[in-house]
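Visitor: In the order they appear, the protein sequences are chains S and E. Quick note on numbering: the first sequence equals residues 1 to 377 in this note's numbering. Quick note on numbering: the second sequence equals residues 1 to 357 in this note's numbering.
Just so you know, not all the hints are guaranteed correct.
Straight-line Cα separation of at most 25 Å, SDA-like style, residue types lysine to any residue; simulated pairs [said to hold, decoys possible]:
#1 S:K359 with E:S135
#2 S:K317 with E:E175
#3 S:K352 with E:A342
#4 E:K217 with E:V5
#5 S:K352 with E:S135
#6 E:K314 with S:F120
#7 S:K347 with S:S337
#8 S:K209 with E:S135
#9 S:K94 with S:S135
#10 E:K314 with S:H125
#11 E:K177 with S:F332
#12 E:K284 with S:S337
#13 S:K74 with S:G51
#14 E:K130 with S:G39
#15 E:K217 with S:A340
#16 S:K184 with E:G333
#17 E:K217 with S:N298
#18 S:K108 with S:K184
#19 S:K184 with E:D301
#20 E:K238 with S:A54
#21 S:K347 with S:S272
#22 S:K209 with E:A133
#23 E:K177 with S:E342
#24 E:K177 with S:A166
#25 E:K314 with S:D349
#26 E:K130 with S:A167
#27 E:K238 with S:D175
#28 S:K317 with E:A342
#29 S:K322 with E:S181
#30 S:K322 with E:L121
#31 S:K322 with E:E175
#32 E:K238 with S:N137
#33 S:K317 with E:T220
#34 S:K352 with S:N298
#35 E:K269 with E:I228
#36 E:K314 with S:A167
#37 E:K284 with E:T220
#38 E:K284 with S:R362
Read the hints as simulated data drawn from the structure, not as lab findings.
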Amino acid sequence: MANVTLENVTKNFGDFTAVDTLNLAVPDAEFVALLGPSGCGKTTTMNMIAGIEAPSIGSVSFDGVDVTQTPVQKRGVGFVFQNYAIFTHMTVRKNLSFGLEVAGRPAKEIHRKVEEMAEFMALTHRLDQPSASLSVNELQKLAIGRSAIVEPKIFLLDEPLSNLDAAFRERMRSDLRQLQRDLKQTMVYVTHDQIEAMSLADRVAVMNKGQLQQFGSPAQVYSEPANVFVARFIGAPSMNIVRASIQHGTSGHEARLGDLAADAIMLDERLSGACDRSDALDVLFGFRPETIEITDENGPTTFGAEVMLVETVGRRKIVHFKTGLIDFLGVFDRSLSIRAGEAVKLKLDLDKCHLFDVKSERCLTLDQGGVDGQNRS
Amino acid sequence: MARIVLDGVTKTYGGVPALENANLVVENASFTSVFGPPGCGKSVLLRLLLGLESVDSGRILIDDVEVTRAQPKERNFSMVFQNLALFPHLNARDNIAFPLVRRGTSQNVIDERLDSVAGVLSISHILHKKPAALSGGERQRVAIGRALVRDATAYLMDEPIAALDARLRDVMRVELKRLQSEFGHTFVYVTHDNEEAMSVADRMAILERGRIRQIDKPDTIYAEPSTISVAELVGSPKINILPVKIDGTAITAPFGSVDLEGSLLDKLKNTGGVVLGVRPEAVKLHSGNGNSETGAALISDIERLGGFSIVTMKVDEFEIRALADGDPTLAIGEEVSLRVDAADCHFFGEADGARII
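Model the full assembly from the supplied sequences, consistent with the hints where possible.
Guide: Written out as structure tokens, the structure is:
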């Protein structure tokens, strides 16, 4: 167990900056996800924590001790990779005991820990079988168990679930959460899948183009996104973010979604305040597909829209709407009866709406002080 | 344009059946998805259809003409692969035009076709660029354009958008659907993603361990899965499969009793062993302790995913998953009561897994 601190870390590969001035503090025993699209710098960041790559600038420390120059084998980190790297010529038992044997632990302890881990991973019945006989899903379980059993100071996982099929991924997410609760290890988990990050992590570091976009709890990155990138990356389908013009009406501020939308949205105090602070006439208006309601009544936050397309995806209906020149999505229960071509009235929940600056794309409705999460422990 | 029929197709590799007695009708101008977990035989089905492999038994027909032994060229399918296989030295225009140029199509026709396809795919502005200069989504559109530019019996797609990021996949899914209906082509779409298979297609074939388990509208498959395994494959989070006790007129499940109307109850009673399937979204959660007929439902896990949460409860030795909106104020260890409407209950035979109600 250890806390990890990255201070002003930059990593250049030739002319390419993979990670740009990253400051990140992973508290002891927390599960932190590094989340972002491919090329965002998340794997490079993990490699620098592991000691596989050295930062071009900046430092990495564990428990306050600078380990920037410490080689990987002396950092006490455990790994799980996407391509599990199991010794397939050995039995499951041997794979699990390997790390403990290398560390010179007593045979009795090894036996006990192997049995416990096998039990936890539901691999007991497989213990004395060759690893080669395991399914893909069992192999990945074994890979995780083998790393966890040596109780490394820091546990690094690089997209460990991305080769698994959907149903098993659900199961493994739950197992990993349980594992982390039991082991209370510091875990850094690299993924491009926002569901995995939301599901597993105590905190999520959202990265894009080498830069940290936001570091916060899953609830924070979902409901208080720091900028347009985070707002769109977290949640599926993505948050609707549309241009809106702000008018100062008689009884407060109004937002018109798109230029041609007939109905204006009356803004509440929070959103009006954000407009005043930024002084902007145009903003980006963000609302999540799952927060739209269909209504019969007119109200201060209702507006008309046309149904363009309805997709039924299992338990949900994803409805494509158009108002003025603006396209956006709504998500509803599958029981909703709605057809393409219909005209409907929609209602926004302003508490769950966000405004973003058109140019900087930063969230205007958020107190920007806590965006990097450093002062929110 | 064509109606494609697989009639009792079987393919075996070294004694292991990869596809067994597959019967599938792909109607003309339809969008059919073939869905199944990895290793279920979907790629084999595609390869047999294309004519890259030959069937052991059974027949393949295109518009009632048997093509079981016909060469791939004679079957004239157009294909989009997951790894797009664009020519790196050709720009987008020449990549798309390639199938036409190879067939000696006149320049006028090529230009006309290309403009039409590029317009529909919104890629007219990037036609001069080479693949390396295009984004993932643009490359994907070019690959689809290359497949669509020529006339073909049907357009086959093998996980065509699996390599794209989530947001782009959402966009491309809708675009493919629109393309298919605008052109009126026959699309066969293979994927291991159940949501993609449901949203994109108007008919869906579920393939599992080499066998086609169900073919129907995606909505119908979701609402009335033909077997337990289909129910488990389609929909996420996965359906709860639970034991039930039928005693006189009472049906008792781990979450409590189910009020089933008389005729349905009789049907169940006449079937022998029965198991119950309940989708997580149908499990209604209430704070406070449950009813006396069953053990306490204790929350063992809460997966908070932003827009919704997956709540797992333990009742005796059984696990039940439920969905909750947003970020519920529930805690692990809390006792809750559960309710499920009879209309949301799926009953399957214990022995064969086949749907009863």
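Visitor: Now look at each hint and say whether the structure bears it out.
Guide: Right, here's what the structure says about each hint:
| no. | hint | result |
| --- | --- | --- |
| 1 | S:K359 with E:S135 | 23 Å, holds |
| 2 | S:K317 with E:E175 | 17 Å, holds |
| 3 | S:K352 with E:A342 | 34 Å, violated |
| 4 | E:K217 with E:V5 | 17 Å, holds |
| 5 | S:K352 with E:S135 | 32 Å, violated |
| 6 | E:K314 with S:F120 | 17 Å, holds |
| 7 | S:K347 with S:S337 | 17 Å, holds |
| 8 | S:K209 with E:S135 | 15 Å, holds |
| 9 | S:K94 with S:S135 | 17 Å, holds |
| 10 | E:K314 with S:H125 | 24 Å, holds |
| 11 | E:K177 with S:F332 | 20 Å, holds |
| 12 | E:K284 with S:S337 | 21 Å, holds |
| 13 | S:K74 with S:G51 | 9 Å, holds |
| 14 | E:K130 with S:G39 | 21 Å, holds |
| 15 | E:K217 with S:A340 | 18 Å, holds |
| 16 | S:K184 with E:G333 | 19 Å, holds |
| 17 | E:K217 with S:N298 | 37 Å, violated |
| 18 | S:K108 with S:K184 | 23 Å, holds |
| 19 | S:K184 with E:D301 | 16 Å, holds |
| 20 | E:K238 with S:A54 | 43 Å, violated |
| 21 | S:K347 with S:S272 | 18 Å, holds |
| 22 | S:K209 with E:A133 | 18 Å, holds |
| 23 | E:K177 with S:E342 | 20 Å, holds |
| 24 | E:K177 with S:A166 | 23 Å, holds |
| 25 | E:K314 with S:D349 | 34 Å, violated |
| 26 | E:K130 with S:A167 | 38 Å, violated |
| 27 | E:K238 with S:D175 | 16 Å, holds |
| 28 | S:K317 with E:A342 | 22 Å, holds |
| 29 | S:K322 with E:S181 | 20 Å, holds |
| 30 | S:K322 with E:L121 | 20 Å, holds |
| 31 | S:K322 with E:E175 | 16 Å, holds |
| 32 | E:K238 with S:N137 | 17 Å, holds |
| 33 | S:K317 with E:T220 | 14 Å, holds |
| 34 | S:K352 with S:N298 | 19 Å, holds |
| 35 | E:K269 with E:I228 | 19 Å, holds |
| 36 | E:K314 with S:A167 | 19 Å, holds |
| 37 | E:K284 with E:T220 | 23 Å, holds |
| 38 | E:K284 with S:R362 | 38 Å, violated |
Checked against the numbered hints listed earlier, the structure breaks hints 3, 5, 17, 20, 25, 26, 38; every other hint is satisfied.
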